[in-house]
Structure formats: structure tokens, C-alpha cells
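Student: Turn these sequences into a full structure, and let the hints steer you where they fit.
There are 2 protein chains.
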Amino acid sequence: MNSTVLSKLGLAVNHMSVDCVVLGLAESTLYVLLIKRKVEEDGKIVYDYKLPGGLIYSDEDLDDAAARVLKELTGVRNLHMMQFKAFGSRNRISARDAKWLKDTLDDNVQALVTVGYVALGRIGRKLNLHNAGNEVCWMPVNEALKLELAFDHNTLINDALKAVRHNADADPAILYTLLPNKFTALQLRMLYEFVYNKEIDVRNFKKKMMQLAYVEPLEEYEQGVAHRAARYYRFNRVKYKKSRRGGTD
Amino acid sequence: MNSTVLSKLGLAVNHMSVDCVVLGLAESTLYVLLIKRKVEEDGKIVYDYKLPGGLIYSDEDLDDAAARVLKELTGVRNLHMMQFKAFGSRNRISARDAKWLKDTLDDNVQALVTVGYVALGRIGRKLNLHNAGNEVCWMPVNEALKLELAFDHNTLINDALKAVRHNADADPAILYTLLPNKFTALQLRMLYEFVYNKEIDVRNFKKKMMQLAYVEPLEEYEQGVAHRAARYYRFNRVKYKKSRRGGTD
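If you read the protein sequences in the order shown, they are chains A and B. When we follow numbering that gives the first Met the number 0, the leftmost residue of the first sequence carries the number 0, and every step to the right adds one. When we follow numbering that gives the first Met the number 0, the leftmost residue of the second sequence carries the number 0, and every step to the right adds one.
One should not assume that every hint holds.
One copy or any two copies: either way a pair holds, since identical chains are not told apart in the list.
[Said to hold, decoys possible] Straight-line C-alpha distance at most 30 Å; calculated DSBU-like pairs for lysine-lysine: (1) Lys-206 to Lys-49; (2) Lys-161 to Lys-240; (3) Lys-35 to Lys-161.
Derived from the structure by calculation, the hints contain no laboratory data. This one's a predicted model, so the numbers in the text were calculated from it and none came from an experiment.
Tutor: Spelled out as C-alpha cells, the structure:
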């Protein structure tokens, strides 16, 4: 265990953790990185899911803690992580969570403030590996939110999406970090639908997309698809910056 | 002392606090709410300033802790406070800060993660009272940032301003919560200058302001001023919402 620095003190004090909401887009679905959690309940083994997270060392910066925890638990590194909110509700630990914490940390945890980080990344194949004995998986965000995740992790995911939405309002460029270099109009629209959590009219969207100077159509099309091959587009950062300079003046 | 719940444990563990950056506009100056801090250093008494802040109880929600701490230290209440960032750098406690924490909490604090809250309020007269033995004052933000404040409170103020700026980009309405009901073009421009931390051309600003349907000119003018009496304007929330609906579609 690498999160026992605090718990060695052996007291039921406040603990501090970081939790990472790592989002990734594959095809037209938004995924979130989760870890399968094993809990013993009434003599039976049950499983549920949690976000990658862990306690903060007392000599560690928050940002460093988030990067370390993510790397240790999932192998994912070099992702730009953005702190979005701290969570400290006293209702965030269920009986099951308390049991799991006790088993994992050998400590009674009564309160656990967590600092939420969100990262946008493309889904890489490496992530499907099992790391450090944890079962790491990508789950469609919609499915994850239907489950009862550990702690208040449903809230964390929802608030992370809100933070992305909020940032995308001010700086749409961050959305394109979720997309592959070449993407279809469908992928871009799906991304907007997920982030803004609403259905978007196909024709209106296409029209608006065409007006974005920084979304460039390529002379390339999908290959080997059953339906009509869609055109690829790419995000042009130089044009984007130009358009922003004009806009903010 | 009201922040001794954790410190009674008597161990040098991580502590968690909240700090409040309360901003207020008076005339054309942006102020921040500070508390004078008394520290004994080399046998001498020295003073500096800190943000209103305190430890979080282990059975308390973060938002509740922020509201409680602000009320206890300054008497200010019923202010909408927005969490903007958690700070956990190991370098945020200087030797002086550690000494002050030891004197105040009777405890060795090695690490102190704080959750920053920002609130926008008009300056009220009540705030000039001394509360709970603390010397509470409003200080112009520019002056405060020239001082070496306690802990990393210079960073907290700067990051709070960034958060306000960021939110104002997405929703300019929040800026108007800092203004009196009737305000002059000068006040509005000064506010923009503070929040965006840059000089704004007077004539351009006036022109743009005129284009904002939700900033309504009144048939009222300043009274008893030596210079030419300026016209008053007011923020029309209904028109604002209308203009936003049109904009986001």
C-alpha cells in the first residue's frame, strides 16, 4: 500500500485524497476510467466501481498527488489534469465505503475530503491492461452513471462534466483534445452532445461546424464502413488562436 | 478557539482549512476582506494580514465550513460563496505561519491543504466592525497584493480573481453582483479593469457598453460631485437572460 503515510497514525482523523475523472472518446462514445473494487459484505464478496484515487502524502503537492495516484493505479501518465472541485460532504462515505477503507488502509476513516481532477485523453490500448492488481477499465459515461459508484463518485463525474462544459464555453479548444487528429462530423457532434448533455440537431450542427474556420475539412474519408463513408476533419490550432484573438478584442 | 477539533488530537497530521476571498467594490476600487494577524517573532510583536480562514470540522461540509468561518471571523453572512480551488503545496507554510499556527492551535502543523472560496459582495458598513477580537478590514486588492500576506494568500487572491474572470467570460452577470443597483460607466469600466487586470480604452468601452441591451441608462445622474455629474445605469436581468438565450442557441 502506498497510501498509508497518514493511516499509520492510527487515528480516525480527517483524511485527504485525490480522485481522477479521466474521460476518453472512442468512436462516438464518451468513456470514463474506472477501477473495479472488491468489498466483503455479510461474508460475500461483492464488486463495484470507483474512480482512480488515493490519499495525499503530507509532503506532496496536490497536482503531484493526482499524477502519482493515476499512474500507480492505472499506468496512465503525462495527461494534463485539471483540478475542478473539492468534495467534503460528510455523507460521502457509505457503510460499504467505510468498510473498504478500513480493509484497505487499516484505519478508521470518518471524514474524507477529496480533491477532484479531470483529464481529457484519447483512449489508448495500453489502458486496457490490468495494473497493480487493480482491474482498470473504460466504461461508457452513461453506463457508469447508471451504477451506484463508490463514495460520491457519481457526483464527481457529473461535476467533472460540468467543469469541462464550463471550460469549453470559454475555450472550445479543450474539446478537441478528446478527439483523434482526424475526426468525423458525427464524432464532433457526439462529443458536444455528451459534454452539453443534450441532443443536437444534425443539420444545424453541420451548418455551424462549417462556419468554424478552425475545423478544416480534409480530402479523406472513412474506409471500410458499411454506411456512406464520412469525411474527416481536423482541428487547426493556428486558425483557432486567430479566431479567438479577433473574438476577445 | 473554534478550530481545535482536529488539533486536540495533538499530532502533526495534515490539516484542512477553508479560506475566503471576499471581494467588494466601493467607488471605483476593488477591495478584499482581510484580517490582521499578530505574530511574535524574535521577542517582538509583528503584524501582517491573512484571509479569513479556519480549520474544517470533521463532520462538516466544505461549503458550510466556509460560511461558518467567514461569519465567525468577520460577521459577514448570507454571501454566495463559490469554491474555486484547493491549495496543497508543501511550500505554503512559512516559518512565521508555522509559529502562528502553533500559537493559535496549540499544535504542530506540517501540511495544510486549504480549499479556497470566493465571494462577491458590495462593501457594507457593518464589515468595518471588529469581530471576535480580530481586526477585520477592507483593503484595496492592489495594495494587498503588494504585501506579503500570510501563507500563500497572495496566490489565493490572484487565483480567485482568475476564477471570477473565467466565470465572467461564461456569464458576465456575476460582475454586476459587485456593483450597486445604480452604477456609473466609470464604475463598470473600473470593475472590468480589475477583473481582467488590464487598462480598457474609455471610448471603446462606452461604445461597447451602449450595445449591451441589459445595461440600461437611467434618467438619473450623480449628485453633489465636483466633476460633471455622470449618468447612472442599471443591470436588467430579464433582458440579460433574453440576450443569453439568443446567444447560446
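Student: Provide an ascending list of the numbers of those earlier hints which the structure does not satisfy.
Tutor: Hint 1 contradicted; others consistent.
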